[in-house]
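Chemist: The lines below spell out each chain.
Number of protein chains: 4
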Amino acid sequence: MEEKMSELKFATGTWIYGTVGDRYLLSGYREGLPVPERVKRIAGIKGISGIEMIYPADFDSGLDEVVDAVNSAGLECSVVGVDLTGDPKWKYGSYSSKDPKLRREAVELTKETVDAAAALGSERINIWPGEDGHDYPFQVDYAESWTLFRNCVSEIASCRPGVKVCIEYKLREPRARSLIDTAAKAVIMCQEIGMENVGVTIDVGHSLQAGENISESIALLSRTGRLFHVHLNDNYRGWDDDMVLGSVHLVEFVEMMYTLRKIEYADWLSVDVYPYREDPAAVVAESIGFVNGLDALVDRIGMDTIDAALHDDDPIPMLSLIREATLG
Amino acid sequence: MEEKMSELKFATGTWIYGTVGDRYLLSGYREGLPVPERVKRIAGIKGISGIEMIYPADFDSGLDEVVDAVNSAGLECSVVGVDLTGDPKWKYGSYSSKDPKLRREAVELTKETVDAAAALGSERINIWPGEDGHDYPFQVDYAESWTLFRNCVSEIASCRPGVKVCIEYKLREPRARSLIDTAAKAVIMCQEIGMENVGVTIDVGHSLQAGENISESIALLSRTGRLFHVHLNDNYRGWDDDMVLGSVHLVEFVEMMYTLRKIEYADWLSVDVYPYREDPAAVVAESIGFVNGLDALVDRIGMDTIDAALHDDDPIPMLSLIREATLG
Amino acid sequence: MEEKMSELKFATGTWIYGTVGDRYLLSGYREGLPVPERVKRIAGIKGISGIEMIYPADFDSGLDEVVDAVNSAGLECSVVGVDLTGDPKWKYGSYSSKDPKLRREAVELTKETVDAAAALGSERINIWPGEDGHDYPFQVDYAESWTLFRNCVSEIASCRPGVKVCIEYKLREPRARSLIDTAAKAVIMCQEIGMENVGVTIDVGHSLQAGENISESIALLSRTGRLFHVHLNDNYRGWDDDMVLGSVHLVEFVEMMYTLRKIEYADWLSVDVYPYREDPAAVVAESIGFVNGLDALVDRIGMDTIDAALHDDDPIPMLSLIREATLG
Amino acid sequence: MEEKMSELKFATGTWIYGTVGDRYLLSGYREGLPVPERVKRIAGIKGISGIEMIYPADFDSGLDEVVDAVNSAGLECSVVGVDLTGDPKWKYGSYSSKDPKLRREAVELTKETVDAAAALGSERINIWPGEDGHDYPFQVDYAESWTLFRNCVSEIASCRPGVKVCIEYKLREPRARSLIDTAAKAVIMCQEIGMENVGVTIDVGHSLQAGENISESIALLSRTGRLFHVHLNDNYRGWDDDMVLGSVHLVEFVEMMYTLRKIEYADWLSVDVYPYREDPAAVVAESIGFVNGLDALVDRIGMDTIDAALHDDDPIPMLSLIREATLG
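Quick note, the sequences are listed as chains A, B, C and D, same order.
Be aware that the first sequence starts at 5, since it is given in the working numbering, and climbs by one per residue.
Be aware that the second sequence starts at 5, since it is given in the working numbering, and climbs by one per residue.
Be aware that the third sequence starts at 5, since it is given in the working numbering, and climbs by one per residue.
Be aware that the fourth sequence starts at 5, since it is given in the working numbering, and climbs by one per residue.
Be aware that one or more of the hints could be misleading.
Since the list can't tell identical chains apart, any single copy or any two copies may satisfy a pair.
In silico lysine-lysine, DSS-like type, Cα no more than 30 angstroms apart, as pairs [said to hold, decoys possible]:
#1 Lys93 x Lys13
#2 Lys115 x Lys102
#3 Lys266 x Lys44
#4 Lys102 x Lys13
#5 Lys50 x Lys115
#6 Lys115 x Lys266
#7 Lys105 x Lys13
#8 Lys102 x Lys266
#9 Lys50 x Lys93
#10 Lys44 x Lys13
#11 Lys105 x Lys50
#12 Lys115 x Lys13
#13 Lys266 x Lys105
#14 Lys115 x Lys105
#15 Lys102 x Lys44
Hints were generated in silico from the structure; no laboratory data involved.
Taking the hints into account, I'd like the entire structure generated from these sequences.
Modeler: Structure (structure tokens):
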């Protein structure tokens with residue numbers, strides 16, 4: 005059971021070659037590339053076999069062309085995410101909008117995303133509802149927002165039960181507070197919806213930002229049958245910095261790798277970084293190199309040895325093992 | 005439904021007159037008073053009608069004497085909390101300890117707490133499992149800790165179904181990470197236990213520390229039928245400072261008051277402060293004065309007016325109303 | 005000395021009517037208005053008598069036209085800020101760039117800003133060096149960055165000693181770490197430059213984000229003769245949310261008002277908000293209303309009463325006074 | 005210049021064998037050992053050659069006995085810290101107390117500490133003024149606190165100019181806000197005092213807690229001639245967790261090691277951990293093992309290689325070098 009994950013499958017998102025900017029540089033640190041060029045470049049990154057697409061932005065040229073581009077590049081589509089932040093109409097929310105017309109638009113857009121995913125041979129869509137939440141006190145009726153959101157996701161998940169719907173939680177940004185902010189909140193949403201094809205994307209940087217222990221959240225999602233997808237990046241814990249994996253943390257990522265093996269996760273690891281100033285390919289390749297290094301490290305230490313270490317409450321022996329295996 | 009809460013019922017805990025110290029001053033900023041003296045003093049604080057006790061520490065003199073002291077002082081016992089941090093044996097957890105003997109001790113101690121609560125005429129106990137969690141990566145098996153904890157609370161809740169078991173969540177401290185860290189995690193625990201008498205204590209300072217919006221958490225707990233108890237204090241959002249309510253925040257506490265009325269909360273509001281350096285009675289009285297002021301403010305603005313403001317997404321009108329009602 | 009500030013002078017920045025966006029919505033929540041229209045609208049906000057401009061963005065139509073627009077609108081120019089983030093060439097810093105050509109460009113741009121300020125009759129420029137800092141460990145030589153930055157500001161400040169150069173510190177964003185991150189760091193920079201016309205802009209939201217007490221930082225800047233300018237906004241302490249003043253905090257803003265009077269601050273209070281989704285004029289007007297309310301509150305309580313309260317270490321009496329004056 | 009530090013000198017503090025407790029377990033997770041026993045045990049920890057003492061707590065048996073114990077154990081005394089938190093009389097501050105009698109007591113106690121350090125052959129004392137600061141708004145006059153503090157340290161530093169006075173900054177705890185909270189604030193204090201024997205202890209965990217980059221703070225302290233002492237521990241950035249070095253972070257500690265070499269730091273590295281639940285010797289030994297591992301890693305990568313990497317703004321090459329050297 006606790007054998008080496010047969011093969012680590014890495015993907016990354018088309019946004020790494022987009023117009024990456026911030027609120028002070030809306031024109032971007034670099035110009036976004038055309039989607040076919042993004043696909044080609046991503047295919048060229050060492051270690052990548054999957055691509056994460058965004059609907060509708062990546063599909064302007066038509067679904068067939070996108071399918072062709074992805075296939076020609078020798079990539080699999082890991083997931084298609086629906087874009088619920090890139091239009092000002094979502095500024096007060098999508099599925100939880102007080103406006104039924106906007107909720108309808110959000111649901112229809114997501115159903116199209118489901119179709120796009122199916123056409124690309126992907127078995128899942130990603131929902132990151134960045135605008136659903138609030139900024140100020142007294143801005144929303146929390147119970148109402150929750151119910152509206154839940155009903156929309158239920159409808160979406162019903163349309164093609166074979167497609168997995170992944171809800172990506174995040175503590176905040178762009179709203180000061182998100183509706184689905186933690187792994188636990190996402191689990192409650194899934195359980196209330198009560199459908200087998202509704203689960204969770206854990207973005208490990210969001211997990212750090214939310215003050216979670218990544219492995220504890222993975223364990224919670226796994227135990228409740230809701231771990232559908234994994235996004236990888238690193239940060240300083242106070243914000244979603246979307247940095248190279250391993251640029252800040254080590255031991256918790258070793259633990260993450262161990263935990264993913266324990267639960268026999270055998271699906272995509274998607275490098276979700278935001279290379280504002282760096283070369284996107286280098287950022288992704290370095291992150292993949294780090295994960296492969298973690299994987300080899302867990303092998304070197306041995307799953308059984310780690311299992312045994314967890315039978316005691318003392319953390320020092322594991323720290324020593326990791327230190328010896330990395331610093332000699 | 006949205007009428008003024010018929011009467012606000014305030015309690016506070018015996019620990020305010022305890023040996024309040026910190027890790028650098030273990031002997032305390034002041035000497036703890038004997039329990040009967042604590043009871044007497046708490047009864048003398050303006051606005052207080054309830055007292056929160058700790059088992060076993062407050063019961064050294066015998067249950068009967070405690071019952072007498074509380075009754076003589078004209079107080080009701082709002083809740084009895086079980087002490088799961090005050091003995092080094094709990095250092096690696098109580099209900100989630102890897103040691104079955106310790107788990108048994110924790111359960112038995114809590115059952116005694118249930119009996120004490122019943123004897124005091126209180127319908128509830130409080131469980132704050134401060135030592136259940138971890139400090140380091142690779143220290144616990146997260147799924148195992150969760151299950152062990154759940155099983156213990158199930159057993160406790162079964163022994164007297166008429167007594168409410170309140171789980172108080174907290175992000176961290178004394179452990180670097182707590183097992184039950186957020187309102188959502190507490191809801192999941194309650195739902196897995198699946199008993200009507202298991203619910204949640206929201207300490208609003210813990211909610212701020214966890215990065216939650218207090219009212220959103222109250223709404224979640226209420227909607228799932230798990231809001232059993234409320235602890236009041238304030239902080240700077242980075243730590244459980246246990247300060248006078250209102251010393252830092254205002255608008256979110258107005259929203260809290262509004263939300264408590266909306267859900268028709270009609271139970272204890274327990275001032276849970278930690279007056280390291282200040283006069284305990286003054287800290288509690290000032291906090292109660294603040295809540296009564298909030299209550300009057302909500303009256304002044306009017307529940308209907310607030311309801312109407314929530315139909316729009318614009319937060320400015322409510323901010324203006326609050327400003328005009330407070331700053332003129 | 006501690007009389008009412010003779011008149012509170014409020015300004016706001018042209019960016020409130022700009023293309024306000026974020027990294028997920030680079031096209032903005034609304035379209036930016038032409039500069040003359042921004043000037044006109046700002047002049048129409050109740051309580052505003054000053055305008056904060058950005059160079060070069062606000063000066064595309066030529067300096068004379070801007071001067072005309074500001075004068076015609078009956079506004080004073082409070083300060084002109086130099087834009088050191090709005091071009092990707094600054095991505096690794098401006099004055100602290102490793103590239104001497106870029107540093108030269110940054111200095112020349114700032115000198116033009118000084119000229120623009122003079123032409124507008126403003127006695128000061130604002131420098132917010134958002135790109136000077138770093139994201140990753142091992143990215144810059146910290147001592148070298150500091151020296152390069154210092155030398156550039158020295159040169160700028162020398163060109164017109166009658167114009168005040170205000171350095172605005174910020175903990176982070178857009179870089180993960182800023183070079184001038186706290187009030188204390190800004191003071192050291194000023195002292196090393198050693199010129200009387202180099203001082204500091206305190207953005208009170210940046211102060212909250214940096215974990216400072218706002219009044220303590222104002223006292224530090226005042227005591228060292230470096231308090232040149234004040235930016236007003238509010239946030240949840242974890243990020244520069246640029247919210248309506250008073251939407252989160254109260255007591256610390258009362259203290260800020262008291263402190264500004266004590267040090268006899270008699271200059272601009274510039275409302276620096278970022279109305280992503282709200283009406284810019286409403287956000288600014290509400291913030292001004294809040295400050296005027298604070299001002300009246302300090303009058304109601306009385307400077308002498310507050311002074312007296314500070315002679316003791318007990319914070320409760322002041323909290324009671326504020327509570328009674330706001331909540332009755 | 006950039007050669008290997010000739011020898012790394014490790015110390016640790018006597019408090020690791022003290023009654024380590026927290027506010028919920030004032031009696032401690034374990035009983036403190038007698039001082040002579042602490043000295044003996046510390047001498048037995050692999051890699052330790054120095055001991056950090058606390059005055060007056062460690063000197064109850066008389067100065068001569070302590071000197072004997074330290075000498076007999078073959079240890080050097082790295083520094084003697086004055087205890088300004090362990091008595092409730094300091095609850096509102098020591099050097100910045102509003103009470104002149106208390107300030108006098110604090111100064112005299114510190115002068116005795118200077119004498120104790122001299123007798124032990126140590127050239128320095130450590131001042132960590134944990135109670136100097138505030139909890140609530142409107143609690144202190146910030147400018148007055150600063151001046152009172154400064155005057156006391158000036159007097160202390162004047163009494164034996166040959167003894168270095170190290171001020172240890174910390175963001176907060178036990179007060180909600182400390183007077184000397186960041187490296188920059190400590191530098192300003194030193195510069196205002198203006199004496200060569202007044203400098204700073206950087207506790208790298210305090211630096212993380214304050215949101216600093218450790219190496220940037222070391223560079224600041226070194227450049228201003230104020231880096232006197234180094235305390236080592238790790239944490240999750242939100243609190244002073246005092247954990248095993250390397251249990252959370254890696255890359256920033258590699259950078260710290262590189263920076264210490266660059267500035268030719270050749271003094272004590274004191275492991276300042278708080279082993280609430282763990283074996284103190286194991287915690288210290290593991291931390292030392294980690295630092296020695298970092299030291300060897302910097303050798304393996306090479307100072308010149310790192311220097312060269314810093315000439316560019318791209319962080320990826322250094323991350324790759326570290327990854328390859330640790331994960332293969």
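Chemist: Against this structure, judge whether each hint is valid.
Modeler: For each hint, the structure was consulted:
When the C-alpha separation of Lys93 and Lys13 is checked against a cutoff of 30 angstroms, the pair qualifies neither within a copy, at 36 angstroms, nor between copies, at 36 angstroms. For the identical chains of this complex, Lys115 and Lys102 are intra-copy neighbours only, at 20 angstroms inside a copy versus 47 angstroms across copies, given an alpha-carbon limit of 30 angstroms. Taking the shortest Cα distances, Lys266 and Lys44 never come within 30 angstroms of each other, neither inside one copy (34 angstroms) nor across copies (43 angstroms). Neither within a single protomer nor between protomers do Lys102 and Lys13 lie at most 30 angstroms apart by alpha-carbon distance, with minima of 40 angstroms and 35 angstroms respectively.
In the homo-oligomer, the alpha carbons of Lys50 and Lys115 never lie at most 30 angstroms apart, since the shortest distance is 33 angstroms inside one protomer and 47 angstroms across protomers. Taking the closest pair of Cα atoms, Lys115 and Lys266 never come within 30 angstroms of each other, the shortest separation being 34 angstroms inside a single copy and 36 angstroms across copies. Taking CA atoms no more than 30 angstroms apart as the test, Lys105 paired with Lys13 passes in neither setting, with 39 angstroms inside one copy and 44 angstroms between copies. For the identical chains of this complex, Lys102 and Lys266 are inter-copy neighbours only, at 19 angstroms across copies versus 42 angstroms inside a copy, given an alpha-carbon limit of 30 angstroms.
Proximity of Lys50 and Lys93 under a CA criterion of 30 angstroms is satisfied inter-copy only: 29 angstroms between copies versus 38 angstroms inside one chain copy. When the C-alpha separation of Lys44 and Lys13 is checked against a cutoff of 30 angstroms, the pair qualifies only within one copy, where the shortest distance is 18 angstroms, while the shortest distance between copies is 53 angstroms. Proximity of Lys105 to Lys50 under the C-alpha cut-off of 30 angstroms is found in neither arrangement, the shortest distances being 44 angstroms within a copy and 35 angstroms between copies. Taking the shortest Cα distances, Lys115 and Lys13 sit within 30 angstroms of each other inside one copy (27 angstroms), while across copies they are farther apart (50 angstroms).
Only between protomers do Lys266 and Lys105 lie at most 30 angstroms apart by alpha-carbon distance; the minimum there is 28 angstroms, versus 45 angstroms within a single protomer. Taking the shortest Cα distances, Lys115 and Lys105 sit within 30 angstroms of each other inside one copy (15 angstroms), while across copies they are farther apart (52 angstroms). In the homo-oligomer, the alpha carbons of Lys102 and Lys44 never lie at most 30 angstroms apart, since the shortest distance is 41 angstroms inside one protomer and 33 angstroms across protomers.
Hint compliance for this structure: hints 1, 3, 4, 5, 6, 7, 11 and 15 are not met, and every other hint is.
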